[in-house]
Structures are given as C-alpha cells and as structure tokens.
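Chemist: Listed here are the chains, written in short residue letters.
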Amino acid sequence: MQHTHTQDTLVGLFVATGIASLFFLGLQVSNLSSFSHGNTYEITARFSNSGGLKVKSAVSAAGVKIGSVKAITFDQKTYESVVKMDIDAQYKTLPDDSSASVYTAGLLGEQYVSLDGGGSDEYLKNGSKIEITNSALVLEKALGQFLFKSAEEKKAPPSPTNDKKGKK
Amino acid sequence: MEFFRYLGAGTRESFTKLGRGSFFLISILAGISSVCVRPRLLLKQLHSVGVLSFLIITISGLFVGMVLGLQGFYILSRFGAEETLGVMVATSLVRELGPVVAALLFAGRAGSALTAEIGLMKATEQLSGMEMMAIDPIKRIISPRFLAGFLSMPLLAALFSAVGIIGGQMVGTGLLGVDDGAYWSQMQANLDFRGDIVNGVIKSIVFGFITSWIALFEGYDAIPTAEGVSRATTRTVVNSAFSILGLDFILTALMFGDN
Numbered sequence: 001m002q003h004t005h006t007q008d009t010l011v012g013l014f015v016a017t018g019i020a021s022l023f024f025l026g027l028q029v030s031n032l033s034s035f036s037h038g039n040t041y042e043i044t045a046r047f048s049n050s051g052g053l054k055v056k057s058a059v060s061a062a063g064v065k066i067g068s069v070k071a072i073t074f075d076q077k078t079y080e081s082v083v084k085m086d087i088d089a090q091y092k093t094l095p096d097d098s099s100a101s102v103y104t105a106g107l108l109g110e111q112y113v114s115l116d117g118g119g120s121d122e123y124l125k126n127g128s129k130i131e132i133t134n135s136a137l138v139l140e141k142a143l144g145q146f147l148f149k150s151a152e153e154k155k156a157p158p159s160p161t162n163d164k165k166g167k168k
Numbered sequence: 001m002e003f004f005r006y007l008g009a010g011t012r013e014s015f016t017k018l019g020r021g022s023f024f025l026i027s028i029l030a031g032i033s034s035v036c037v038r039p040r041l042l043l044k045q046l047h048s049v050g051v052l053s054f055l056i057i058t059i060s061g062l063f064v065g066m067v068l069g070l071q072g073f074y075i076l077s078r079f080g081a082e083e084t085l086g087v088m089v090a091t092s093l094v095r096e097l098g099p100v101v102a103a104l105l106f107a108g109r110a111g112s113a114l115t116a117e118i119g120l121m122k123a124t125e126q127l128s129g130m131e132m133m134a135i136d137p138i139k140r141i142i143s144p145r146f147l148a149g150f151l152s153m154p155l156l157a158a159l160f161s162a163v164g165i166i167g168g169q170m171v172g173t174g175l176l177g178v179d180d181g182a183y184w185s186q187m188q189a190n191l192d193f194r195g196d197i198v199n200g201v202i203k204s205i206v207f208g209f210i211t212s213w214i215a216l217f218e219g220y221d222a223i224p225t226a227e228g229v230s231r232a233t234t235r236t237v238v239n240s241a242f243s244i245l246g247l248d249f250i251l252t253a254l255m256f257g258d259n
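Sequence order for the protein chains is A and Z. The first sequence begins at 1 in our numbering and counts up one residue at a time. The second sequence begins at 1 in our numbering and counts up one residue at a time.
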C-alpha cells in the first residue's frame, strides 16, 4: 500500500510539473497574458506606403502598445495600403482626428503604427477611419533623395558665383 | 537479378510489417477504453515511462538551453543584438529542439525499455500465458504503456523547453551580462502562443504517438530469443529517430512553411 502511495505521489508530481511548464511557456514565454482577445475594436487607416508593416505589428500611442495590426490589404482603385488595426477596448478615448504614422523602432528594427492624438471631442470607435496618415519612410528612397540633393548642392555653389561674376 | 530479388523481398517484408503494425495500432487504440476502467495500470506505466524519464529530460534540457545561450550570445553580439538572445533561445527550443530532442531522449530512455520489456515477456511466454488465462495481453499490457507514452511525451517536451529557457537565461543574464528584462520582454513580444507554443505541443504529441507505437510494436513483433529482443531494441531506437526527424521536417514545413 505504501508503495502505490509513493507511486501516486511521484506521478502526481510529474504531471503537475509538466502542466506547470506548459503554463510557464504559455504565460511567461509567449504573449498570451498580454493578449486580450475579443475586447478590441477595429479601426482602419490608409497609407500611400505601409513599408515593412506586418500583421501583428504593434500599434502604439505615446510609445505604449495599445493594439496590433490585424490585416493589410492593397486597394486596387486608390493604390493605397489599407491597414486594419485592433485597438484594446480599454483605450476608448482616442480622438477621431488622431493621425497614424508608420515608424521604425530603432535604425533597423520592426515597423509599427504610431497614433498621435488630435483635439477632437469625438472618439474613435469600432469601424472608424483615420484620415491623417504618414507613410513609412523607405530607406532607399530617402537615401536616393539625399544623394540626389547633395549632388545638386555640389553643383549648385559654383553657379551663383558664376552668375555674380557674369553680372559684374 | 539477385539484387532485384532482394529488393522485392525487402519491399514485401516492409509492407507486411507496416500492415501488421497498423493492425497492432488499431487493437491498441481499441484497448484504450478498457485502460480507462483500470487507471491503476496506467498510473504504474506513467511512473515507469514518465517519472523515470523526468531526470534525464530536465538535465538535458538545462544543458541544451545553456549551450544555446552561450552560442547564441557569441553570434548575436557580433551584430550587437544580444537583447534578442531570449527570442533565439525560446524560439529554437519551443519550435524544434524541445519536441525533437525530448522525443529522441524519450525513445532512448523509455522506448528501448518498453521494447525490451515486451520482447522479454514474449520470449518467456508470459504473453501466451495471459492468453491462456483469457486475459487479452493487448488490453492489459500494451494499451496502458501506449497511453502512458502518449500522455508523457507532451509534458516532457514542455518541461524540456521550459528548463532550457531557464538554462539560457542563467547563462545569458548570469554569466554573459544580457539584460534580464530584455531577455524576457523580447521573448514575450516575439513568441506567439498559437503559432509557436501550440505547434510545439502538437509536434510532441505526434512524436509521443509514433515513438510509443514503434517501441511497443517492435517488442511485440520481436523474434522471441535473446538476439531477437536485442535486435528489436536497436530497431526501436533507430526507427524512432528516423521517424521523429523525418516527421519533424514535414510538420515544420506544414506549420512554419508559409512565414
């Protein structure tokens, strides 16, 4: 009888440790605890370029994560990127003239949507659309513009002096 | 010509073995309902299959996690991305190493023991003795062992991953100076419950199923001599390792192939 009791205890301990490690994986390792399904509302924003934004990218306001990107689709008529976002229901006082921008966390980090509050008394609700958006900064484009500009500037300085000389 | 004869005979034999294995599996599954009536049988097997594998799984998990922490740190610090050490350790453990290495260890520790036990029971005619007493050996001996292996495997794999993550944290934040908060927060931000953890658990369930099946079938199908049992034990470990690694590739391709 004693023997089966210790066996019961050992098996019980084994099963408890296994389930505890499953819980550990669920709660501590993955994002299950910070995820509140169902208690979200959906808003939509249109960007002329959403860059490297992905489904599940963060949506943040003032640096705090308040939601995530749900879907990104391409509008064939306006050639815009339509980004649907799920915002946690507890943040229900975002002004409806807020602006959405796609930013990059760090130099090469992930891209995320940042909401900047406006001054309206009306709040964003389920199905709202954000009108003011800033597109993602595409590094190649920015670099190209920068190089183009600096090349022009290098050319430009002599020309005013030439003009002045010419006038003289 | 001789070669083709051997090839044909080999194909025929492997097909008949597959057929016998399938029939065996069906009768095991049919016997599971009678195990539920006698939970004491299952408990005893959970002890010998699960509890006795506990230590090897825990220690191996700890060391695998520590090695991952060390190696990951050296690679990641080259790119100045030490903070993502937690993501690297946790992703590789939860998705791949946890289920696969735990299943390989399980096949070596518990699978070989199951094969040897069943094979010896057959060699000493205990199974025939039971049949003479009108006790179905499949219901009484095989099904509890199968169920115990099938239930233990996900728990052992989860334990392996959890201990490995803690081992990685010990090395990463304790020895190498990665920020503790970054280790956990990056991990939580980048691992998905459905995508990573649940898929890892599904993998370990599949591996538990296949390993227990192979181990029990090889034992039951062994030639009832000392040499036959020894060969069956070897085949269990080899075949389990092949099926675990092969299935792992297929499961990974199905689960993570599209992203």
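Certain hints may be false.
Part of the chain Z face toward chain A, derived, beta carbon under 7 Å [what the hints assert, rightly or not]:
#1 His47
#2 Val51
#3 Leu52
#4 Leu55
#5 Met130
#6 Met133
#7 Leu155
#8 Ala158
#9 Ala162
#10 Phe193
Far from chain A, some chain Z residues (derived; all Cβ distances over 12 Å) [what the hints assert, rightly or not]:
#11 Leu25
#12 Ser33
#13 Arg40
#14 Ala90
#15 Gln126
#16 Phe209
#17 Thr225
#18 Met255
Hints are computed from structural coordinates only; laboratory data are not their basis. We put the CB at the ideal spot given by N, CA and C, even for glycine.
Chemist: Determine for every hint whether it applies to the structure shown.
Modeler: Tested hints:
Contact between Z:His47 and chain A, as hinted, is supported at the beta carbon level, the nearest pair being about 5 Å apart and thus within 7 Å. Taking 7 Å as the C-beta cut-off, the interface hint given for Z:Val51 holds, the closest approach to chain A being about 5 Å. The beta carbon of Z:Leu52 comes no nearer than 9 Å to any beta carbon in chain A, farther than 7 Å, and the hint placing it at the interface is violated. At about 11 Å, the closest approach between the beta carbon of Z:Leu55 and any beta carbon in chain A exceeds 7 Å, and the interface hint on this residue is violated.
Because the smallest distance between the Cβ of Z:Met130 and any Cβ of chain A comes to about 22 Å, over 7 Å, the interface hint for this residue is violated. Taking 7 Å as the C-beta contact cut-off toward chain A, the hint placing Z:Met133 at the interface is violated, the least distance being around 23 Å. Here the hint on Z:Leu155 is kept, as its CB sits about 3 Å from the closest CB of chain A, short of 7 Å. The closest approach between the C-beta of Z:Ala158 and any C-beta of chain A is roughly 4 Å, which is under the 7 Å cut-off, so the hint is satisfied.
With a cut of 7 Å, the hint placing Z:Ala162 at the interface with chain A holds, because the nearest CB-to-CB distance is about 4 Å. Residue-level restraint check for Z:Phe193 holds (minimum Cβ-Cβ distance to chain A is 4 Å; threshold 7 Å). Every Cβ of chain A is farther than 12 Å from the Cβ of Z:Leu25; the closest lies at roughly 25 Å, confirming the non-interface assignment. At the 12 Å boundary, the C-beta of Z:Ser33 stays outside the reach of chain A, the nearest C-beta of that chain being 21 Å off.
With a closest Cβ-Cβ approach of about 8 Å to chain A, Z:Arg40 is found to fall inside the 12 Å limit, against its non-interface label. Its closest Cβ contact with chain A, about 5 Å, brings Z:Ala90 to no more than 12 Å, contrary to its assignment away from the interface. Every CB of chain A is more than 12 Å from the CB of Z:Gln126 (nearest about 22 Å), matching its label as outside the interface. For Z:Phe209, the non-interface assignment is confirmed: its Cβ lies about 17 Å from the closest Cβ of chain A, beyond the 12 Å cut-off.
With a cut of 12 Å on Cβ distances, Z:Thr225 stays outside the contact zone with chain A, its closest approach being about 33 Å. Every C-beta of chain A lies more than 12 Å from that of Z:Met255, the closest at about 15 Å, which supports listing it as non-interface.
The structure is inconsistent with the numbered hints 3, 4, 5, 6, 13 and 14, although it conforms to all the rest.
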